[in-house]
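Colleague: Listed below are the residues making up each chain.
2 protein chains.
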Amino acid sequence: MKPRNAFYAQSGGVTAVINASAAGVIETARKHKSKIGKVFAGRNGIIGALAEDLIDTGKESARAIAALKHTPGGAFGSARYKLKPFEKDPAQYERLLEVFRAHDIGYFFYNGGGDSADTCLKVSQLAGKLGYPLQAIHVPKTVDNDLPITDNCPGFGSVAKYVAVSTREATLDVASMALTSTKVFIVEVMGRHAGWIAAAGGMASTKELELPILILFPEVPFDQPKFLARVDETVKKHGYCSVVVSEGVKGPDGKFLSDQGLRDAFGHAQLGGVAPVIASMVKSGLDLKYHWAVADYLQRAARHIASKTDVAQSYAMGRAAVELALKGHNAVMPTIVRVSNRPYKWKVGTAPLDKVANVEKMMPADFITADGFGITEKCRQYLAPLIQGEDYPPYRNGLPDYVRLKNTAVPKKLAAGFKV
Amino acid sequence: MKPRNAFYAQSGGVTAVINASAAGVIETARKHKSKIGKVFAGRNGIIGALAEDLIDTGKESARAIAALKHTPGGAFGSARYKLKPFEKDPAQYERLLEVFRAHDIGYFFYNGGGDSADTCLKVSQLAGKLGYPLQAIHVPKTVDNDLPITDNCPGFGSVAKYVAVSTREATLDVASMALTSTKVFIVEVMGRHAGWIAAAGGMASTKELELPILILFPEVPFDQPKFLARVDETVKKHGYCSVVVSEGVKGPDGKFLSDQGLRDAFGHAQLGGVAPVIASMVKSGLDLKYHWAVADYLQRAARHIASKTDVAQSYAMGRAAVELALKGHNAVMPTIVRVSNRPYKWKVGTAPLDKVANVEKMMPADFITADGFGITEKCRQYLAPLIQGEDYPPYRNGLPDYVRLKNTAVPKKLAAGFKV
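Same order as they appear, the protein sequences are chains A and B. Note that our numbering has the first sequence beginning at 1243, numbered continuously upward. Note that our numbering has the second sequence beginning at 1243, numbered continuously upward.
Only chain A is shown next, with the shape it has when bound in the complex:
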């Protein structure tokens, strides 16, 4: 019997290591050619499936696929595109299966966060209902670290490492300038709903190199007087401090601090980050000299300082997804199971998708110190192994030698297009 083909797609915000998962999927599938035929990738994620715009990964050399392990971004294109609920738009799901059928796709590997886990589950259910044989496996990925069951999410460890390293470096900079210049440094990091990434800023300070760092979590309602008092006290004691602020910090009114309606001189709305808002408070409330940074995409694309643990786990999730499919699994997601902390050991587990979809894992309350501005020892123990190890990309002329794939299109088989 001719082996059936696989479809792989990247979903949502990309990371420094999502391509390592892609490499895990493709390299593992290539080792099982008797069971998996071609691996097609969706150009721009699930949109590629809907539009029948498939990429033939078989046209890429082994070397190019291996290079995905050290290349950030989404090599096939990703998409912020959530399928509507089945009842509201069955045509989308039917089209997906129509495309899968046309290209004899028997394996669906969907690489993303909570939304894509939900889509993956629904596609699997619909295929079952319609009697189309399909194994749908979700490959976890999200810098937000908010998927349930899995101990941590591929992509998070590398952002965490970037934030910890950068906060340590910038804080040393501020420490040396504080007497005559900047006393408060504010860095804004990602995390609209949960403070996992902000928490990583706390790792910059260790017993060997203590640094005064305050963290503003989305989990803790922002209290301006309390915050300013704490900055004042810290600067009086140490001469300076750094503030790691999550983009998702909200005021007591529940509104994002970053949405406070900045206007330019002409009254036009300004779309600002939260770092300049905090900076203005420090200036007007304490009259301390400040500097601020917004890491934005720099943090989630920073493959140059990726965590070795994260790269290994991302690859392992891709590989495990294929292995689960080969074992006959459907509607599941491989997970990372923490076996021990010291030494850090982990193994691959499995979670059923109906337990993953639409569940958001928040930061445990006991990961945040009582004052709301720091991380607890328990949080440190959780984060420490995730930022372990360096996995440097190769360099060429001083720059990381990232790969760009050929991304050759698979000839279309369907007469009709599909309006996405």
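Watch out, some of these pointers could steer you wrong.
The list makes no distinction among identical chains, and a pair is therefore deemed to hold if it is satisfied within one copy or across any two copies.
Unchecked claim - The list that follows gives simulated cross-link-like pairs (lysine-lysine, PhoX-like), each with its CA atoms no further than 20 Å apart:
1) LYS1648 - LYS1449
2) LYS1655 - LYS1326
3) LYS1525 - LYS1324
4) LYS1449 - LYS1492
5) LYS1280 - LYS1587
6) LYS1326 - LYS1569
7) LYS1648 - LYS1479
8) LYS1587 - LYS1497
9) LYS1531 - LYS1324
10) LYS1497 - LYS1468
11) LYS1550 - LYS1449
Derived from the structure by calculation, the hints contain no laboratory data.
With chain A held as given, fit chain B onto it using these hints.
Modeller: Showing chain B alone in chain A's frame:
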């Protein structure tokens, strides 16, 4: 004859590699104990000399001093503190020499940019006038790359590498999201007066990995319609683009774009960067989805991705400063002389301080493309060797193992203090 002591101070904004120059000074001095006694460092730069707050670097182990080579920030503290002209405040200069005399300081190594070169020269001249035997050597350092005579400035290469690497990474991120999400990514970099750092963003795109990147230089008056037309054209062609904007970009009125007077909802002034200003223009002018980042201190502290060339040159400048002193030089600065481009070869030269002080080296006009948004091949040839090579710090538990010195104070000898 008892060897005379040396005084070393860091000045102005610190860099990822200024401590490598400190290591060069201290390690070289330690090899010549018959000629140089103790090496004292100024706590918080020149303020340490004025306040007679000296650090005895002899109390630091060889290992700690060697670790300076991979530690960012200013290990002894730096200062934004410019001495007033001699005629206006002779007391400051007299105090400096009084402290030098009290601690038998015969060598003055001042590690900074243009202002400190000027101070170094004036101290040297005054010592000569007063018959106090002193050799004053300036050690070049500035991320702004604006010192004359020297081919490039220690500190610049590492920021340039950080900006090139980060721009490449973030642009790959945007490329993968552009169809359904961000189409324009804006990153703000340092360079109040010259576009050297912004130019480095152009290095992110190479023949092997072409990326659509527009650069906004302080040297090119900002023309909003022309800029927006160019963004529009680039996004239409590639689907996305990155914009690297120098903090020093000015409008046709000569005012900084970042100083356009942002106000919050209550009318309070907001101290913003230029990236959100550009972002707002892209939004209101083209209605394209954007993201923006402000690298701020993250860029100049990023020792984790320092340029190997830069680390080597920074160390060499410190070592050369001591060697120049031992050869009897005074009022000079070691320089980097480019010998050849391919292969890149450089050697140490010397410049008299009166040719260095108060001269700012701007970017040559032929380094910027005719349209004003890119770098020329000539610029690439200049920048390429400066970002060459990686020089990773050692890591401990996932974080760079940066050193914090003991910074033991030297007992004061003078009865009087000095109000800085």
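Colleague: Run every hint past the structure and note whether it holds.
Modeller: These are the hints, each one checked on the structure:
1. LYS1648 - LYS1449: between (48 Å within a copy, 15 Å between copies)
2. LYS1655 - LYS1326: Cα proximity of LYS1655 and LYS1326: none, with 25 Å in one copy and 78 Å across.
3. LYS1525 - LYS1324: This pair counts as neither: shortest intra-copy Cα distance 41 Å, inter-copy 24 Å.
4. LYS1449 - LYS1492: Neither: 31 Å inside a copy, 45 Å across copies.
5. LYS1280 - LYS1587: neither (34 Å within a copy, 49 Å between copies)
6. LYS1326 - LYS1569: neither (30 Å within a copy, 77 Å between copies)
7. LYS1648 - LYS1479: For LYS1648 and LYS1479, only the inter-copy Cα distance (18 Å) is at most 20 Å; the intra-copy one is 56 Å.
8. LYS1587 - LYS1497: neither (40 Å within a copy, 57 Å between copies)
9. LYS1531 - LYS1324: between (44 Å within a copy, 18 Å between copies)
10. LYS1497 - LYS1468: Within. Shortest intra-copy distance 18 Å satisfies the 20 Å Cα cut-off; inter-copy 37 Å does not.
11. LYS1550 - LYS1449: Close neither inside one copy (23 Å) nor across copies (29 Å); limit 20 Å.
In summary, the numbered hints that this structure violates are 2, 3, 4, 5, 6, 8 and 11.
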